[in-house]
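Those protein sequence lines, which keep their order, are chains X and W. With our numbering as the guide, the letters of the first sequence map in order to residues 1 to 292. With our numbering as the guide, the letters of the second sequence map in order to residues 1001 to 1599.
Hints should not be assumed to be uniformly reliable.
To be verified - The following label-pair restraints were derived from C-beta to C-beta distances:
1. X:Met1 to W:Lys1333: 37 to 43 Å
2. W:Lys1333 to X:Asp258: 54 to 60 Å
3. X:Glu132 to W:Ile1295: 55 to 61 Å
4. X:Pro124 to W:Glu1039: 51 to 57 Å
5. W:Gln1566 to X:Arg134: 53 to 59 Å
6. X:Met1 to W:Lys1462: 27 to 33 Å
7. X:Pro124 to W:Asn1404: 32 to 38 Å
8. X:Lys170 to W:Asp1254: 33 to 39 Å
9. X:Arg134 to W:Ala1189: 58 to 64 Å
10. W:Ala1189 to X:Arg72: 46 to 52 Å
Unchecked claim - One-sided and incomplete, this derived list gives chain W residues near chain X with beta-carbon spacing under 10 Å:
11. Thr1102
12. Arg1106
13. Gly1135
14. Asp1227
15. Ala1242
16. Ser1282
17. Ala1283
18. Val1324
19. Pro1328
20. Ile1339
21. Val1402
22. Asn1404
23. Phe1562
24. Ser1563
25. Ala1586
Said to hold, decoys possible - Calculated lysine to any residue pairs in the SDA-like style (CA-CA distance at most 25 Å, straight line):
26. X:Lys264 to W:Ala1028
27. W:Lys1278 to X:Glu217
28. W:Lys1278 to X:Glu215
29. X:Lys170 to X:Glu132
30. X:Lys44 to W:Lys1278
31. X:Lys6 to W:Gly1495
32. X:Lys261 to W:Gly1031
33. W:Lys1471 to W:Gly1495
34. W:Lys1230 to X:Gly48
35. X:Lys44 to W:Gly1031
It is worth saying that the hints were derived from the structure and are not from the lab. For each residue, glycine too, the CB sits at the ideal point set by N, CA and C.
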Amino acid sequence: MDHLDKLEAQSVYILREAYREFKSLCMLWSIGKDSTVMLWLARKAFFGHVPIPLVHIDTHYKIPEMIAYRDRFALEWNLNMIYGENSEALAEKQTFPDGNTDRLTCCKYLKSEALKHTLSGEWPRYRMNHDERRYVVDEGREPYTGVIVGVRADEEGSRSKERYFSPRDKDNVWDVGDQPPEFWNQFKTDFAPGTHVRIHPLLDWTEQNIWEYIEREKIPVVSLYFNQGEGTRYRSLGCYPCTNPVLSDAQTVPEIIDELKSGKFSNIAERSGRAQDSEDGGLETLRRDGYM
Amino acid sequence: MNGRAQMNIVIVGHVDHGKSTVIGRLLADTGSLPQGKLEAVRESCRRNAKPFEYALLLDALKDEQAQGITIDMARCFFNTAARDYIIIDAPGHIEFLKNMITGASRAESALLVIDADEGIKENSKRHGQMVAMLGVKQVTVLANKMDLVGFSEAVFEKLKADYTAFLEAINVTPVSFIPISAREGDNIASHSERMEWYTGATVLEQLDQFVSEKESHEKPFRFPVQDIYKFTRSNDDRRIVAGTVAAGRVQVGDEVLFLPSNKKSVVQSIESFNTEPKNGASAGEATGFTLATQIYVRPGELMVKPGESQPQVGSRFRVNIFWVGRAPMIRNKSYKLKIGSARATVKLAEICSTLDASDLTSSQSKQQIDCRDVAECILETSRPIAFDTTAVSEATGRFVIVDNFEIAGGGVVVENLSVGETLLQQHIRDRESNWEAGLVRTEQRAIANRHRAKFIVFTGSKGTGKRAVAKALEQGLFQNGMNAYYLGVANIDRGLDADLGSHSDSAGERLRRIGELARILTDAGLIFITTIDDADDYDIETLKLLNEPNDILVVNRGESSFSRYQPDLQLVDGKAVADAVTLVAAFLKAKEIIIDYQI
């Protein structure tokens, strides 16, 4: 087994463990490359099927290609696709692009809050109806007790401290200082009522591994990751007001891998194009409050 | 492109002995730091008017920097010309032992850092012990802060001699000792000019010399069944036995055996998604099989090859355990055991000895296992499980114990002890010797009732209509003037078992309660009838024991989950309910449980 085989086997093991132990389970799909690889790994784990609902938090500021891509594969791969949103903040224009909040507060409203309430079932969930090929309000409001998230340890400091199975308390709070132990391949799959567990199958993957796997498996990813002739591409995807493309000529997956290995990005942090990270506290403050 | 080897390394040692500094140095000296990271830390140091330290690169979290200690294991990635590394920084502070274990249990090799100036400390020993028990085979000891002891060879040799003696006591042979100064960079990436007396490898050279564990292809095949999938709703009729191969290899056409159920079949196909068709699977692969025959297997069984060395099957075994739970491990309390893919209710039966890992003093007298104790003890599961002793196969000989939703301990199986009285047998003996009988004797009840008491269990796979038969039997017996009572198991779930919740872990306790209930109702002279889906040998043996000294009668309808147990009566699936009832009644009459039965 080569390195990618080992990473794949471990992620598949974690996904199967989650599916076995959590009755109310979902997987967050941000449409980015990492969670798309995770979705692919679920197809590996379940032999072509994805028996776990996919949840996307729609801020309505996502780059339009992302939503088109999401819906295309939701239909093509027969996914149980759900999205949630903070309709109140959007209606009241409590957002950064509207000029009414700073970036971090906007993230908190449109992502963290929307996510929290979509997972708990307090806010409406919209589910893809495959017959009508459109989203309808979902009847299911049961809280998810297991949430699969595609974070990687190499992304930034706080994520490097995560466990594969990481508990969150009633208020979604992550107690970094007191996490359960993980012995060998035995994880925290028992949880007290009212709490939930975040599951991280991609923890050991690096950005380069992700691209190598995309290349090996020929996984379709959003075209925004590639230079379309203008000399720029996105390295990390988010909302358009806060995510900037990077200067790059890479038009194919192998070119991206070269760029990461020895080229211009070999020593530049991946999220350098994400504006909210550089505000005070940044990603860690967001994550403690339930951000992924 | 993907050919590069990778290794997980853990760094352990006492608090403030310089683990994070070693890693920070390794990252910086191999040019593995992303630009953003180094600058962010330098900027933070400048803002706080603090000198830049290599350790700060890792202690990325704010509250860690405030406390000045690593509170969790951070993973960082770097590479040398030889291979890629994941370095796991395990915290040295005693409160964070759980994190150290998490880090070390993922590692193939360990760097154990000891402050040459401060010397061997409690956690230097505890971590040495833990690393050994967690199965990390290669340990290199770094004598750090040599700059503080004037780069003295004598100090280094003294530390080496003392710590080697300690490691020998716990049967660990270190790969090497390296004198370093992580802060100054001595012997990290290049040989120190200030310690010319040392001619061994630098830390980087040592890392590249660690040998990657061989995948255990040659060992006997072990496949803990993680789950059984059938995605019928997506028009897929494959019934796939899924899991990760723990050891050995298997091929299409191989005969396989499932333990503890003892069922056999043959591997028909190896299933995968988006790959070439596969003919075999070996250690480390997450895979799935279809079988040539339709047999009923459950998640948690161990799939093996009958021709190879067999695992143990038992419910009582001697183990070495280390405990990190908030509450101590005590006797007569039910815990959850997870070993391989099996889960079982487990109790602490006996403590043989406990060991204080920091000074290696042992005690034979402790009545409980406290947090941070290492203990040799005897555990007993409510039903037999399949496992290996750790000397034979590590992957299927390691377990964890869950207490109150948390993993509270982990350990390795040393010996199968499935002889002698079980906790359940002890319980029955104790219960019966203290049973307070009334003045009405069993025979008097039988004469007055015109039938004997009996516990009748209907079992078999779901959907065979056994409940309908059970209910009709109750009605028939009642109409013939007998004291028969049918109890639906769902009624117990919402009543007697309401405290157990819906989790499958409490299956053992649910069974115990049905058994105890049967003991009482049969004592009252009733013919007590209930149904259990897919009862297996152990379920029935347990119920039989719990119902003692009264009698049990097992009626199976349709496909059964038994491997050895012969049901008293076998009903063909699909037979009309009334006919089935007549058969059971005739059987009861033949066994002289009832005298007469009119349809």
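Hint check results:
Separated by about 41 Å at the C-beta atoms, X:Met1 and W:Lys1333 satisfy the suggested range of 37 to 43 Å. For W:Lys1333 and X:Asp258, the Cβ-Cβ distance of about 58 Å falls inside the hinted range of 54 to 60 Å, so the restraint holds. About 42 Å separates the C-beta atoms of X:Glu132 and W:Ile1295, a value inconsistent with the hinted range of 55 to 61 Å. Between X:Pro124 and W:Glu1039 the CB atoms are about 43 Å apart, so this pair departs from the stated range of 51 to 57 Å.
The hint said 53 to 59 Å for the Cβ distance between W:Gln1566 and X:Arg134, and at roughly 58 Å that hint holds. At roughly 39 Å, the beta carbons of X:Met1 and W:Lys1462 sit outside the given window of 27 to 33 Å. Between X:Pro124 and W:Asn1404 the CB atoms are about 35 Å apart, so this pair conforms to the stated range of 32 to 38 Å. One distance hint, 33 to 39 Å for the beta-carbon pair X:Lys170 and W:Asp1254, is violated here, with the actual separation near 49 Å.
Between X:Arg134 and W:Ala1189, the C-beta spacing of about 59 Å keeps the proposed range 58 to 64 Å intact. The given range of 46 to 52 Å is respected by W:Ala1189 and X:Arg72, whose C-beta atoms sit roughly 49 Å from each other. Taking 10 Å as the C-beta cut-off, the interface hint given for W:Thr1102 holds, the closest approach to chain X being about 5 Å. Hint on W:Arg1106 holds. Least Cβ distance to chain X is approximately 8 Å, under the 10 Å limit.
Checking W:Gly1135 against chain X: minimum C-beta separation of about 8 Å stays under 10 Å; hint holds. The beta carbon of W:Asp1227 is positioned within 10 Å of a beta carbon in chain X (closest approach about 5 Å), and the interface hint is therefore held. The beta carbon of W:Ala1242 is positioned within 10 Å of a beta carbon in chain X (closest approach about 6 Å), and the interface hint is therefore held. A cut of 10 Å between beta carbons decides the hint on W:Ser1282: the least distance to chain X is about 8 Å, and the hint holds.
Below 10 Å, beta-carbon pairs count as interface contacts, and W:Ala1283 has one with chain X at about 9 Å; its hint therefore holds. Nearest Cβ of chain X to the Cβ of W:Val1324: about 6 Å, under the 10 Å cut. The hint holds. Violation of the interface hint for W:Pro1328 is found here, the shortest Cβ-Cβ separation to chain X being roughly 16 Å, above the 10 Å cut-off. Interface hint at W:Ile1339: satisfied, since its Cβ lies 8 Å from the closest Cβ of chain X, which is below the 10 Å cut-off.
Hint on W:Val1402 holds. Least Cβ distance to chain X is approximately 5 Å, under the 10 Å limit. For W:Asn1404, the interface hint holds, since its Cβ comes within 10 Å of a Cβ in chain X; the closest pair sits about 8 Å apart. Annotation: interface hint on W:Phe1562 violated; nearest CB of chain X at approximately 25 Å, more than 10 Å. This hint is violated: W:Ser1563 has a C-beta 23 Å from the nearest C-beta of chain X, more than the 10 Å allowed.
Taken as an interface hint, W:Ala1586 does not check out: its beta carbon lies about 43 Å from the nearest beta carbon of chain X, beyond 10 Å. A hinted pair counts as satisfied when its Cα atoms are at most 25 Å apart, and X:Lys264 with W:Ala1028 qualifies at roughly 19 Å. At roughly 16 Å between alpha-carbon atoms, W:Lys1278 and X:Glu217 fall within 25 Å of each other, so this suggested pair holds. With a CA separation close to 21 Å, the supplied pair W:Lys1278 and X:Glu215 stays within the 25 Å bound.
This hinted pair does not check out: X:Lys170 and X:Glu132 have alpha carbons roughly 36 Å apart, beyond 25 Å. Distance restraint check for X:Lys44 and W:Lys1278: the Cα-Cα separation of roughly 14 Å lies within the 25 Å cut-off, and the hinted pair is therefore satisfied. Taking the CA atoms of X:Lys6 and W:Gly1495, the gap is about 47 Å. The hint is violated against a cut of 25 Å. For the hint pairing X:Lys261 with W:Gly1031, the CA-to-CA distance comes to about 13 Å; that is within 25 Å, so the pair holds.
Straight-line distance between C-alpha atoms of W:Lys1471 and W:Gly1495 comes to about 20 Å, which keeps the hinted pair within the 25 Å bound. Under the criterion of a C-alpha separation no larger than 25 Å, the hint pairing W:Lys1230 with X:Gly48 is consistent with the structure, at around 12 Å. The straight-line distance between the Cα atoms of X:Lys44 and W:Gly1031 is roughly 35 Å, outside the 25 Å bound, and the hint therefore fails.
The structure fails hints 3, 4, 6, 8, 19, 23, 24, 25, 29, 31 and 35 (numbered hints given earlier, in ascending order).
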